[in-house]
Every structure is written in structure tokens, then in C-alpha cells.
Amino acid sequence: AQKITQTQPGMFVQEKEAVTLDCTYDTSDQSYGLFWYKQPSSGEMIFLIYQGSYDEQNATEGRYSLNFQKARKSANLVISASQLGDSAMYFCAMREDRDDKIIFGKGTRLHILP
Amino acid sequence: NAGVTQTPKFRILKIGQSMTLQCTQDMNHNYMYWYRQDPGMGLKLIYYSVGAGITDKGEVPNGYNVSRSTTEDFPLRLELAAPSQTSVYFCASITNQGYEQYFGPGTRLTVT
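So the sequence lines, in the order shown, correspond to chains R and B. Numbering follows the working numbering, in which position 32 of the first sequence is assigned residue number 32; successive positions increment by one, without gaps. Start counting at 1 in the second sequence, then tack on 114, and there's your number in the working numbering.
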């Protein structure tokens, strides 16, 4: 069964510093995808970045990058030059192509300090 | 495109009542999902569908039912509401090779 683990319930980071949010996953499938979402206090789910299991390069989207280490089954989100608006909950999710379930981790609450 | 829409936005139910949460998407996505999010927690998958006429259980299906008669609609039914079903419910959709799951705004349900 697929499983997503986010071990950091909360993090405090100084503005303008880089942030790494951890995500490890467990799957027996060879074909899968990994997602990161941001949920601000307003509650909506905002898509940030996606990495396919067969993608050779780490995904990047603006200030967001995904540090994908397939052998270690980790997919950490890196936010460069953090901003006050980055304060939110961040969720890692995985989709196994075998059955198309998309399962989420418990999330990490990120606080950016001025 | 309106994306994924959910109705109602808020609802208060008494224990034992029933209701249907509506979800519609206009992006012609085959794959649709229902999640619940308890306060301060992550999203738990309730049910999902890979196309019209096909549904499957997720992580927490007990107490819920779904149907998928059209590509656009994926309603979630609560038959006998219980306080444990107090939560925010999100509907989402994605294409079969998609990399972005589109979410609705959520329905905040309270069962008292």
C-alpha cells in the first residue's frame, strides 16, 4: 500500500532563507507521480510542483524545486528565498499509476518570520 | 472554465440526517476524487473514480457512498450523519496523464 510521510509537523524559518520540506514515500510501483500542494489559512489547495518517477531531472517551478531521490524514496520540496506569503500548510502527495489513487501526507505547517 | 465546483459551501446536519455533497468539473477530466480534511490534519481519500460508471474506495470510505453517472459529476452521499463526519470535504479532478490535481473550494460540514 502506498504511503506518504512528512516528518516535520511545523517549521519556523527566517524570511529570505531557503526552506526544505521533507517527504518520503513508500510504493512497490515503478510508475508513479509526486505532488506538492500549498494550503494557506484561507483553505484552498494550490498546486505547486509535480515530479514523475521516470523524470530524469528534478522538477522546478519558479522558487519551488523538488529534490527527487528515487533510491531513497524521498521527494523534498525546496523553497528558495522564502517570503512571508509562503506561510501555510504544505502537503506532499503521491499517485500510483497502477490504481490512480492519490494519497496525501499529514502536512507541514511552515511559518516565515519577518 | 469554472474548474471544479462544489455545493454547498457550508452545511449543518443533525445526527442521523442524510445529504449529498455535489461536485462538478467542466474540464472533461476522467479522474475525480473526494477527500475529507479534519482540523489541522491532512487530506484523507474517501472515494475516487477513474471514469463514468467506475468508482472505488479510498482510505476512509465507511459512512459514504458515491456515484459517477457522467464525466462531469461526482456526488458524495452521507446516509446517516455522525459527529465523526464533521470535516471539510474537497472534491478534485485530474486527467489520466495529468500532473495537476484541480481542487474545488471545499464544503464545510458540521454534524451536531
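Worth flagging that the hints you see were computed from the coordinates, not collected in a lab. The C-beta atom is built at its ideal place from N, Cα and C for all residues, glycine as well. Certain hints may be false.
[To be verified] Per label pair, the in silico range of CB-to-CB distance: (1) B:N142 to R:Y64: 35 to 43 Å; (2) R:T60 to B:Q136: 34 to 42 Å; (3) B:G167 to R:S31: 19 to 27 Å; (4) R:P114 to B:R191: 44 to 52 Å; (5) B:P175 to R:A18: 38 to 46 Å; (6) R:S42 to B:N142: 24 to 32 Å; (7) R:E44 to B:I129: 28 to 36 Å; (8) R:E44 to B:N179: 21 to 29 Å.
To see whether the hints hold, each was checked on the structure:
1. B:N142 to R:Y64: 35 to 43 Å: For R:Y64 against B:N142, whose Cβ atoms are near 28 Å apart, the range 35 to 43 Å is violated.
2. R:T60 to B:Q136: 34 to 42 Å: holds, 37 Å
3. B:G167 to R:S31: 19 to 27 Å: Taking Cβ atoms as reference, B:G167 and R:S31 lie about 25 Å apart, which means the hint holds.
4. R:P114 to B:R191: 44 to 52 Å: With a Cβ separation near 46 Å, R:P114 and B:R191 satisfy 44 to 52 Å, so the hint holds.
5. B:P175 to R:A18: 38 to 46 Å: 40 Å Cβ-Cβ, so the 38 to 46 Å window holds.
6. R:S42 to B:N142: 24 to 32 Å: Given range 24 to 32 Å: holds, Cβ gap about 28 Å.
7. R:E44 to B:I129: 28 to 36 Å: holds, 29 Å
8. R:E44 to B:N179: 21 to 29 Å: Distance hint for R:E44, B:N179 holds at roughly 26 Å.
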